[in-house]
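Here the protein sequences line up with chains A and B, keeping their order. Residue numbering for the first sequence follows this note's numbering, beginning at 4 and increasing consecutively. Residue numbering for the second sequence follows this note's numbering, beginning at 2 and increasing consecutively.
Everything labelled a hint here was simulated from the structure, so no lab data went into it. Note that this is a predicted model, so its numbers are computed, not measured. One or more hints might be untrue.
As the list claims (entries may be wrong) - Chain A is faced by these chain B residues, among others (derived, beta-carbon under 7 Å):
hint: 1; residue: L20
hint: 2; residue: L29
hint: 3; residue: N33
hint: 4; residue: I37
hint: 5; residue: I41
hint: 6; residue: A57
hint: 7; residue: M72
hint: 8; residue: A84
hint: 9; residue: V89
hint: 10; residue: Y90
Note that the Cβ used here is the ideal one computed from N, Cα and C, for glycine as well.
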Amino acid sequence: MLHLPLFLIFGAICVAGAINLLVQRHPINSALSLIVVMASLAVEYLLLGAEFLAAVQVIVYAGAIMVLFVFVIMLLNAGEEEHTQGSRVALLLGVPGIAIGGVLVAWTVLRHSNTEAVALGALPGPPKDVARLLFHDFLLPFEVTSVLILIAIMGAVVLASKPGAIVRDRRPEPAQEEKRELAAVGKER
Amino acid sequence: MNSLSEVPLAYYLLLSGVLFACGVLGFLIKRNIIAIFMSIELMLNGVNLSFVAFAAHWHALSGQIFVFFVMVVAAAEAAVGLAIIIAVYRTRETLNVDQINLLKL
C-alpha cells in the first residue's frame with residue numbers, strides 16, 4: 004500500500020537529481036545533486052529489501068566517494084564550465100532519436116517483462132544472509148578486493164603527489180616554462 | 002502477497018534505464034572533466050539499481066553481492082581517477098576536456 008507511493012516519490016527525486024546534475028554548470032552543484040540521487044537510491048534499496056546495501060550506499064557512495072569529489076573540486080578550484088556551441092545536426096537528429104529509443108525501450112520492458120509484483124515479504128536480504136554469502140561463497144573475491152583497494156591507494160598516492168616527490172633521484176622537476184608551453188599548446192588547439 | 006508488494010519489476014528497470022541514460026548524456030555533453038567523472042558514477046548507480054531489483058525478483062542474494070563489489074571497484078576507480086585529474090590539472094592547468102588533447106591526431 005505504501006510501497007508504490009514511496010517508490011514513485013523517491014524515483015522522481017532520483018530522476019530530478021540526475022537531470023539537475025546535467026543542467027547545472029558549476030561542478031559543486033552537480034556533486035550535491037549526485038548526493039541527492041544516491042540518497043534516494045538508498046531508499047529504493049530499502050524498498051527492495053536490501054538493508055545492508057542501503058547502508059553501504061549511504062556510507063560509501065554518498066559519504067566517502069562524494070567527499071573525494073567535493074575535495075577535488077575545492078582543491079582544483081573548479082569554476083563554471085564554459086558553454087560550447089553544439090552542432091545543429093546532433094540536435095535535430097539526436098533529440099527525436101533519444102525520444103524514439105526511450106519509448107521503444109520502455110514499451111518493450113513494460114510489455115515483455117512479466118509484471119508480476121516483486122514479493123517483498125519473502126525477500127531475502129537481511130545482513131546476516133548477505134554476510135554468510137559474502138564470507139563463505141564469495142570469500143576469495145572479497146579477499147582479492149582488499150588487494151585491489153591497496154593497489155588503488157598506492158596508485159592514487161603516486162599519481163597525485165608532485166612529480167619528483169616520490170622518485171627523488173635523477174628526475175628533476177620539469178622546468179616552469181616547459182609546463183607553460185605544454186598548457187599553451189593545449190589552449191591554442 | 003502482502004500489502005507491500007505492488008511495484009512491478011519493470012518500474013525499477015525503467016528507473017535504472019533513465020538513470021543510466023542521464024549518465025550517458027552527461028558523459029557526452031559535459032565539458033568539465035570532474036562532471037564527466039560524476040556522470041560515470043551515475044551510470045554505475047543505475048546499473049546497481051537493476052542488479053538489486055533482479056536480486057529481489059529472483060530471490061537470489063548474489064545480485065546484492067555483485068552490487069557490493071561494484072561499489073568497491075567504484076571506490077577504487079574514484080580514488081585513481083581523481084588522482085589522474087589532479088595530475089592532469091598540474092600539467093595542463095585546465096579542467097576543460099576540449100583542451101586536454103595531447104593524444105588527439
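A quick look at each hint next to the structure:
1. Nearest Cβ of chain A to the Cβ of B:L20: about 6 Å, under the 7 Å cut. The hint holds.
2. The criterion of a C-beta within 7 Å of any C-beta in chain A is not met by B:L29, whose closest approach is roughly 9 Å, and the hint is violated.
3. With a cut of 7 Å, the hint placing B:N33 at the interface with chain A holds, because the nearest CB-to-CB distance is about 4 Å.
4. The beta carbon of B:I37 is not positioned within 7 Å of any beta carbon in chain A (closest approach about 10 Å), and the interface hint is therefore violated.
5. Interface restraint check: B:I41 against chain A, minimum CB-CB distance 11 Å, threshold 7 Å, status violated.
6. Checking B:A57 against chain A: minimum C-beta separation of about 4 Å stays under 7 Å; hint holds.
7. Interface hint status for B:M72: upheld, as the beta-carbon distance to the closest one in chain A is roughly 5 Å, under 7 Å.
8. With a least beta-carbon distance of about 4 Å to chain A, the hint placing B:A84 at the interface is held under the 7 Å criterion.
9. A least Cβ separation of about 10 Å between B:V89 and chain A goes past the 7 Å threshold, and the interface hint is therefore violated.
10. Interface hint at B:Y90: satisfied, since its Cβ lies 5 Å from the closest Cβ of chain A, which is below the 7 Å cut-off.
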